[in-house]
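*Asks:* Each chain is listed here by its residues.
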Amino acid sequence: MENDEITSVVLVGVGGQGILLASEVMATAAALAGFEVKTNEVHGMAQRGGSVIAQIRYGQQVFSPLVAEGTARVIGALEQVEGLRYHPYLAEGGFAVVSQQAIVPVSVSAGQSKYPQDLQPRLGEVYPRLAWVDVQQAAEDIGNPKVANMVVLGAMSTELDLPSAVWEQAISQCVKPEFLDSNLMAFVIGRSLV
Amino acid sequence: MKKLLSGNEAIARGAYEAGVVVATGYPGTPSTEILENISHYKDQIYCEWSPNEKVAFEVAVGACLTGARCVVTMKHVGLNVAADPLMTLSYIGVEGGFIACVADDPGMHSSQNEQDTRHFARFAKIPVFEPADSQEAKDFIQLAIDISEKYRTPVILRTTTRVSHSRSSVVEGERQESPRAIGFEKNPSRHVPIPVWGRKMRVEVEERLALLAQEACQSSANRIEWKDRSLGIIAAGVAYQYVREAFPDASVLKLGWAYPFPDQLLQEFADGVDSLLVVEELENFLEEHIKAMGIACDGKNVVPTIGELSTERLLEVKARLNGEQITSLAAEAQVDISDLPMRPPVLCSGCPHRGVFYGLTKFDVVVTGDIGCYSLGVFPPLNRTDVILCMGGGISMAHGIERAGEPRKVVGIVGDSTFFHSGVTGLLDIVYNRGASTIIVVDNQAVFKQALESDEPWLIISEGPCVLKERALQGPRLQVDAEKCIQCGKCLKLGCPAIEGLEATPHVDFYQCTGCRLCAQVCPVDAFVAAEESDHGK
Chain U
4 MENDEITSVV LVGVGGQGIL LASEVMATAA ALAGFEVKTN EVHGMAQRGG SVIAQIRYGQ
64 QVFSPLVAEG TARVIGALEQ VEGLRYHPYL AEGGFAVVSQ QAIVPVSVSA GQSKYPQDLQ
124 PRLGEVYPRL AWVDVQQAAE DIGNPKVANM VVLGAMSTEL DLPSAVWEQA ISQCVKPEFL
184 DSNLMAFVIG RSLV
Chain A
288 MKKLLSGNEA IARGAYEAGV VVATGYPGTP STEILENISH YKDQIYCEWS PNEKVAFEVA
348 VGACLTGARC VVTMKHVGLN VAADPLMTLS YIGVEGGFIA CVADDPGMHS SQNEQDTRHF
408 ARFAKIPVFE PADSQEAKDF IQLAIDISEK YRTPVILRTT TRVSHSRSSV VEGERQESPR
468 AIGFEKNPSR HVPIPVWGRK MRVEVEERLA LLAQEACQSS ANRIEWKDRS LGIIAAGVAY
528 QYVREAFPDA SVLKLGWAYP FPDQLLQEFA DGVDSLLVVE ELENFLEEHI KAMGIACDGK
588 NVVPTIGELS TERLLEVKAR LNGEQITSLA AEAQVDISDL PMRPPVLCSG CPHRGVFYGL
648 TKFDVVVTGD IGCYSLGVFP PLNRTDVILC MGGGISMAHG IERAGEPRKV VGIVGDSTFF
708 HSGVTGLLDI VYNRGASTII VVDNQAVFKQ ALESDEPWLI ISEGPCVLKE RALQGPRLQV
768 DAEKCIQCGK CLKLGCPAIE GLEATPHVDF YQCTGCRLCA QVCPVDAFVA AEESDHGK
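Chains as they are written, first to last, in the working numbering: chain U, 4 to 197; chain A, 288 to 825.
Just chain U, with the same shape it has in the complex (with noise of 0.2 angstroms):
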């Protein structure tokens, strides 16, 4: 089914984390290069800390705006529980970016269940190219919390074939002028980690 000349790429993480930021600016970067672009997005009760998947497909023609299991080329992870829940649609050979950011759901608070302690080694097991990577660390050092987004948006674009420029104009684009320092560097930091 997979069309070769499609790219699907997959951003999960728990809403608030700013998934949606990520996804616009992913979708926003292909545009500019020149690919024919959807995405889906969950709103709504993604604002209220529920688990969160966005979904981006480029190619020289897309028809459906959802990425099927296993054809993920890229996956991108905020938050460790969520990398191993969505770990279904990456593909065969795929590349993943899980934050090393753990939050811990309600449900584990409340004492019904257990948040797993042996998360990245499940990670390295279904994911054979994996970068476990200190986003939140990145994100304190650049002096900006909010822009972990960012880094593993960078750590994710070293594994996608558009050019460097576009990511910047991409974030430019669609980030607030007065944040777009501290983006642009979480950015960066990203590209580097991996």
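Keep in mind the hints are simulated off the structure, nothing from the lab. As the structure is a prediction and not an experimental result, all values here were calculated from the model. It is possible that part of the hints are untrue.
[What the hints assert, rightly or not] Footprint (simulated), chain U over chain A, 3 or more residues, beta carbon under 8 angstroms:
hint, stretch
1, 503–515
2, 595–606
3, 622–634
4, 656–667
5, 696–706
6, 714–724
7, 777–783
Every residue gets a Cβ at the ideal spot worked out from N, C-alpha and C, and that includes glycine.
Given the coordinates of chain U, work out where chain A should sit on it, guided by the hints.
*Replies:* Coordinates of chain A only, in the frame set by chain U:
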């Protein structure tokens, strides 16, 4: 110029370009961003959130009778609320173009049911347009305005979640104003459906429907893509996109305007292929009609009725049709992830509703909830909502439960917007019929106790800002003083996402905490203290 727009943004752009001057609506996912984006054109378009969909619809009807081009927006269940004006507007007809933009939610991402709005179009005997991407979403607004004015009919533009919330490129155009001057023209036999005139309108509705069906056969919204003729597929809306990926070689009749049914086009396509498959999300709306025409086809015998479609699900349909084994594209060596903690959406940290639900955990009462993000109070550890039906239903159901003789006290919970939407009429009923339910939004247990021990109806209004709108801190952020904490777990019963109970002593996430102090109120040993900036590294 080309822009990446969501379907909802594209509809807003379409309304602007099509010369719309009045836009109304009531919010609800996945429709909300349509009106939010129309509001950016406030110099050209009067735009309002109305208290409910019926009011929004009627405001737009009034405006359109002056010749103004209008759109009204809502989610699928909102059209139930606006069904009364819809059914008779079909008889009266419109002056300026009138589009009801209704967003369905297959898969129930943010909805309480999976109803299919196409049935409403047939019920009201009016056209329905179904865009498959953002460009069509924009273009179909212009088309729908043209058809609406040409035939004086209201029109439904039906999207689904994957059209409303997917981005794709759109070529923008210029705004075209309506040539008609605004002004209401007195014409009672056309505008007043008392029986003597209503019966004539009834005949005109049928005549209009026949003309619309002919027009639909010629419309640019419908097209045949001839390829291999051994299999022909009829698809509408976003299902078309999945069909093109799962069946790249098949001939396709793509319907953007499926009702009134374009019979000649359906027949022409069916005659041109060896076998026919109808792929539609949700109900067998098209298939039933095609079979009634005497055309044999596959449809819901192989395509799922429940939930969303996708390329993957259509590949399964293909395998089923060919009698092949269904295979998954996902990598075979998958690990077991059944132990991963679920992460449903939760009430935000600092949400003023949390105190209400927490307070209710202290009482043996029946709690009727309502539609809104506070429905999240149903999840553990709060677990304090017992039934939800529809907008405003919590208040009326509370009265019904009480009147039936339920021995426990009954409490209805409603948000402010839902209260004004349709909760207030239920409250009028409780007072008029001397009920004894307690209707609340409250964060104070003392007030609570008094109300719940009373025999009279109570309305308690608790005021607190939505933390999503007011992003400011409510007070200093807190942290747990590990020396004071006795690890009793009371704060974890609040279900606050900022309090992480991974270790014996709970930890407050610095960035999620809004300083609402609810945890400090329930802590028996005052272990919550102001957080220090330097301690947030964890």
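*Asks:* When the structure is checked against the list of hints, which entries are broken? Sort them ascending.
*Replies:* 1, 5 and 6
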